[in-house]
Amino acid sequence: MSEGNAEPKLARINIDGKDYQVPDGMNLVDACESVGVEIPHYCYHSHLSVAGNCRMCLVEMGMPMRDRATGEPVLDDDGVQKIGWMPKPAIACASNAKDGTYIKTQSPLVKSCREGVMEFLLVNHPLDCPICDQAGECRLQEFSTDYGRGFSRYVEEKNVKPKRTELGPRVTLDDERCILCSRCVRFCEEIDENPVLGFIERGSHSTLTCFPGKKLDSNYSLNTVDICPVGALTSTDFRFKMRVWFLKPTKSICTESSAGVNTEVWSREGKIYRITPRRNDEVNDSWMADSGRALYHTVEAEDRMKRFRIDGQVCTLGEATLRARELIQVGTVAYVASGKLSVEEQYSLRKLVEKEPGRVTFVAHTQDGDGRLISNDATPNVRGGLVTGLIKQLPVTELEALRDKLAAGEVKTVVSLGEDLIAAGIPPEMLKKANLVYLGTHRNATSDIAKVVIPTLTVFEKSGTFINQQFRLQKFAQAVPGPAGLLPDVWILDMILAECEGAKCARPSTPQVWARMAEEVPAFAGLSYAKIPDTGVLLDGSAYAELPFPETKGWHYEPAAEPATASSKF
Amino acid sequence: MAVEQRRVIYKHVDEEGYTPDIDCYMKHGGYEVLKKAIGAKPEDLCKEVLDSGVTGRGGAGFPTGMKWRFLDRKSGKPIYLICNADESEPGTFKDRQIIYQDPHQLIEGMMISAFAIQAKQAWIYIRGEFINGARILENAIEEARAKNFLGDNVLGSGFSCDIVVHRGAGAYICGEETGLIESLEGKRGYPRIKPPYFPAALGAYMCPTIVNNVETMAQVKHVIGMGGSEFAKFGVKGDPGTHIFGVSGHVQKPGYYEFEAGKITVGEMLYDVCGGPLPGRTFKALIPGGSSTKILRFGERFTGKHPNTGEDFDWGVEDIPLDAVSLKCCGTFLGTGGLIVMDDSTDMMEAIANLMAFYGHESCGQCTPCREGSLWLNKMTLRMTGGAARNQDVDLMKNIADQIEGRTICAHGEAVAWPVQSHYNKFKDEWLDKIAHQGNGNGRYNPKGYPLI
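So the protein sequences, as listed, match chains A and B.
Residues in the first sequence are numbered consecutively from 1, following the numbering used here.
Residues in the second sequence are numbered consecutively from 1001, following the numbering used here.
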């Protein structure tokens, strides 16, 4: 057994008279939460250092009493060991679960502490809730409901502070709403390692600001907005766009890179308004890059394709798949895809390739990663291609082999799944001569000259799975419907396959595809779509350990082999 | 005069012809104790300090020897010593005289302490307003270094420790030991949370650190000089040695006076030593140990059993002996020994507003109850003295103070809450009376008092 699998040591703690087992040394706030006891807090965050400044998590704490001299337990009249309660309430966030810890979270003193802190937090807090973006997901609102007075005893004038400071290109600060919890300050210092935020002034006049000459312009700046427990730090992109209680969160995976950051896509009436990170301590903790949050803008981009076309003319879906089948069966066919496809799409493509054999090439999309949550591979699912057996080799940056075959006339038809072949090194005039079938979401130089164009769906409009750089299988759900008339890529591939086989397309759901994959793909044996937890399943990637993947070290990722240089060719 | 001053720390303060240079200090027997101490074992020196029972003179009165015993010596990290010269508690002006008039006494005390705890480095954190004090200390350090009383290989003992003077930037909270350490490290003077950041384990630069007040350091010199058990003999049990009392406010002769602890009563101090009230006035209130300690009202009686003598006592304010133990029996603290005296001309609502203006201004803003509560009380008392007080404000003030006390990161919370709570308990009637008069449309009502804010 490896160390990671060893049973964690447990500590027995007593909360409000009930005994619980929690991991030894766990922060008390987290420990209580893990057994379903909420300790309200603002400044504490599991992934940041402890500041202890909000004082909301005050609880009564004690340890069983022992005689100082003899070490014998001190018993009360009933023979039960007495608890030595601390004279003053203590903050839970500054303590770790230790065997024998006793805490009271519901005593009159604790209640009075919480009510006191709530009142203090609100005295200088503006009544902005009706126009505040945080309303609906605001800790201040939530705990006011629990511990608020319902009326204000404060008749003095409230402090006035700047209402719209641009801290950086993506973050706007409303300083009056700030409760000075310092989460953002600690994030910049500890996680982003780019300390740019700090407080100026003193006491209740303290004001959050950037250091002179600095800006909050890191690619991780929007995480400060996520961790802000109130509406002080707001996303400039999302600010005043939509009330959050109208938004529906959908669990998704960021396609920005092979890191596979867990996300939540927030939408209303078929429109996406924002993307936020979803906690996964094995992948991205609570963080994600700003660039990944902007990806939803591609859904409504100008160059989004929404019509089926044959030779540039609009046609029906049936005509397009029929024509695609005809072209595939003209002669030798070649398939070009990439790690942008989901596992299900890669599997469906494999089924098509098995029926209509042809060389499958993945195009590499590399980028300069940041050593954190953006890896060097700009696609989310290269490893899916390997695991589903669609490819044996890593993607290539230039399609030299295909170009040579096209030049020699050995390949008659090319099926591109969202790949811009011209950008990958195939001259347009050569492509124009070949039979090009293009499945993809957005227009590009290749789709413009394709004989058949079948528009497909973005990651937000379909469900499926990706396998990230750690070989972690993670699923994403459909957040919004796609443009009218468009179908999931899996169905399109299945329809073309059905055309080729002369059969009827079954239009399988993602769980149905998984039922088939679990039987045919050894790595997926025993799995089903429903069984994949939200935090993913780590697959055994040891079979591919020798492959020179482009990823280098990042948060929660250690490369197995020496990373390949970006310019490597096959 | 009933009781004579016993000047130990202030032996040469205001002495004709006494200068703060090293020659004058050595002429008066200076650095002899250090020479003696450096030949002793550090553990023995710590033991002497523990046996003496000398308590910290910064206000909290914690036994110094005990504080030193808490040092984490197992960590293997260097040990640091910091002298807290950020004397900022209103009503307190005792350390200033040591720094300005007898700086070598402090340096000698510090070097003895540094040797006793085996400190690698020592700092004097001095309040920014003591500009000349910092210069005097720096000059004195140079003189002492030239004579090898500090620096490398002190007096050939092999022990090395240097003292660096660090000036604060004018924040009351940097007198709180962990806030001081943060400030010393170059950060915002935010006090640290305890646990886990007890200075004796995780102090300056996360190393074991002892922070002692200026007067405490000077006391250590005399503890070692006369021996711990000898030192313990004077003063009272639980509060040995002398105290420097800084009397300010409505007395004829305000000033600083050094007395053996418990040997003089409040009455003797105010009437005999300080010459009594100003002409035609009578005493009304006394804040005994710096502005954050709880106020006493002349005319109230204190009864109980004294822990030291075991005898029942029945005291008026004038009868209370000035030592930490007795004042604690009366529900307040000796604190820094800064006695603030108020006579019958004082408007008690103005008085609390004045205190709140200070504490509201000085709250560092780190933790919620103190940050918001202190400013609330400040704004509120300002409104109340300005003529717009309501009857319910009186109870509200007390309630706000109760919501602060014991729930903050550092003791500033208590420093805000205690005055409000004690003034409420003792002068609520005066507040309500003032409010009643203001209610008749009289606006700001202050018949005999002088505006304090």
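Hint data in this document are derived by calculation from the structure and do not stem from the laboratory.
Incorrect hints may have been included.
[What the hints assert, rightly or not] One side only, chain A facing chain B, incomplete, derived with CB under 7 Å:
id: 1; residue: 52
id: 2; residue: 54
id: 3; residue: 58
id: 4; residue: 62
id: 5; residue: 94
id: 6; residue: 96
id: 7; residue: 98
id: 8; residue: 116
id: 9; residue: 118
id: 10; residue: 123
id: 11; residue: 156
id: 12; residue: 204
id: 13; residue: 206
id: 14; residue: 210
[As the list claims (entries may be wrong)] Just a sample of chain A residues kept apart from chain B, beta carbon distances all over 12 Å, derived:
id: 15; residue: 51
id: 16; residue: 64
id: 17; residue: 432
[As the list claims (entries may be wrong)] Simulated pairs of lysine to aspartate or glutamate, EDC-like, Cα-Cα distance not exceeding 20 Å:
id: 18; chain 1: B; residue 1: 1398; chain 2: A; residue 2: 16
id: 19; chain 1: A; residue 1: 82; chain 2: A; residue 2: 16
id: 20; chain 1: A; residue 1: 432; chain 2: A; residue 2: 461
id: 21; chain 1: B; residue 1: 1187; chain 2: A; residue 2: 16
id: 22; chain 1: B; residue 1: 1187; chain 2: A; residue 2: 156
We treat Cβ as the ideally placed atom computed from N, Cα and C, and that holds for glycine.
For each hint, the structure was consulted:
1. For residue 52 of chain A, the interface hint holds, since its Cβ comes within 7 Å of a Cβ in chain B; the closest pair sits about 4 Å apart.
2. Interface restraint check: residue 54 of chain A against chain B, minimum CB-CB distance 6 Å, threshold 7 Å, status holds.
3. With a least beta-carbon distance of about 6 Å to chain B, the hint placing residue 58 of chain A at the interface is held under the 7 Å criterion.
4. Among the interface hints, the one on residue 62 of chain A is violated; its C-beta lies about 15 Å from the nearest C-beta in chain B, farther than the 7 Å criterion.
5. Hint on residue 94 of chain A holds. Least Cβ distance to chain B is approximately 5 Å, under the 7 Å limit.
6. Because the closest C-beta pair between residue 96 of chain A and chain B is about 10 Å apart, greater than 7 Å, the hint is violated.
7. Given hint, residue 98 of chain A at the interface with chain B, is violated; its Cβ is 12 Å from that chain's nearest Cβ, farther than 7 Å.
8. Given hint, residue 116 of chain A at the interface with chain B, holds; its Cβ is 3 Å from that chain's nearest Cβ, closer than 7 Å.
9. The restraint placing residue 118 of chain A at the interface with chain B is violated, with a minimum CB-CB distance near 9 Å, outside the 7 Å limit.
10. Proximity of residue 123 of chain A to chain B holds as hinted, the smallest CB-CB distance being about 5 Å (cut-off 7 Å).
11. Against a cut-off of 7 Å between C-beta atoms, the interface hint on residue 156 of chain A holds, since the closest Cβ of chain B lies about 4 Å away.
12. At its closest, the beta carbon of residue 204 of chain A sits 4 Å from a beta carbon of chain B; the interface hint therefore holds under the 7 Å criterion.
13. The beta carbon of residue 206 of chain A is positioned within 7 Å of a beta carbon in chain B (closest approach about 4 Å), and the interface hint is therefore held.
14. Evaluation of the residue 210 of chain A hint against chain B yields a violated restraint, the C-beta minimum of about 15 Å exceeding 7 Å.
15. Not every CB of chain B lies more than 12 Å from the CB of residue 51 of chain A, the least distance being 8 Å, so the non-interface label is violated.
16. At the 12 Å boundary, the C-beta of residue 64 of chain A stays outside the reach of chain B, the nearest C-beta of that chain being 19 Å off.
17. Even its closest Cβ contact with chain B, about 66 Å, leaves residue 432 of chain A beyond 12 Å, as expected for a residue assigned away from the interface.
18. This hinted pair does not check out: residue 1398 of chain B and residue 16 of chain A have alpha carbons roughly 30 Å apart, beyond 20 Å.
19. Pair hint residue 82 of chain A plus residue 16 of chain A holds up; C-alpha atoms about 15 Å apart against a cutoff of 20 Å.
20. Simply put, residue 432 of chain A and residue 461 of chain A have alpha-carbon atoms about 31 Å apart, too far for the 20 Å limit, and the pair is violated.
21. Distance restraint check for residue 1187 of chain B and residue 16 of chain A: the Cα-Cα separation of roughly 39 Å exceeds the 20 Å cut-off, and the hinted pair is therefore not satisfied.
22. For the suggested pair residue 1187 of chain B and residue 156 of chain A, the alpha carbons sit about 32 Å apart, so the restraint of at most 20 Å is broken.
Hints 4, 6, 7, 9, 14, 15, 18, 20, 21 and 22, counting from the list given before, are not met by this structure.
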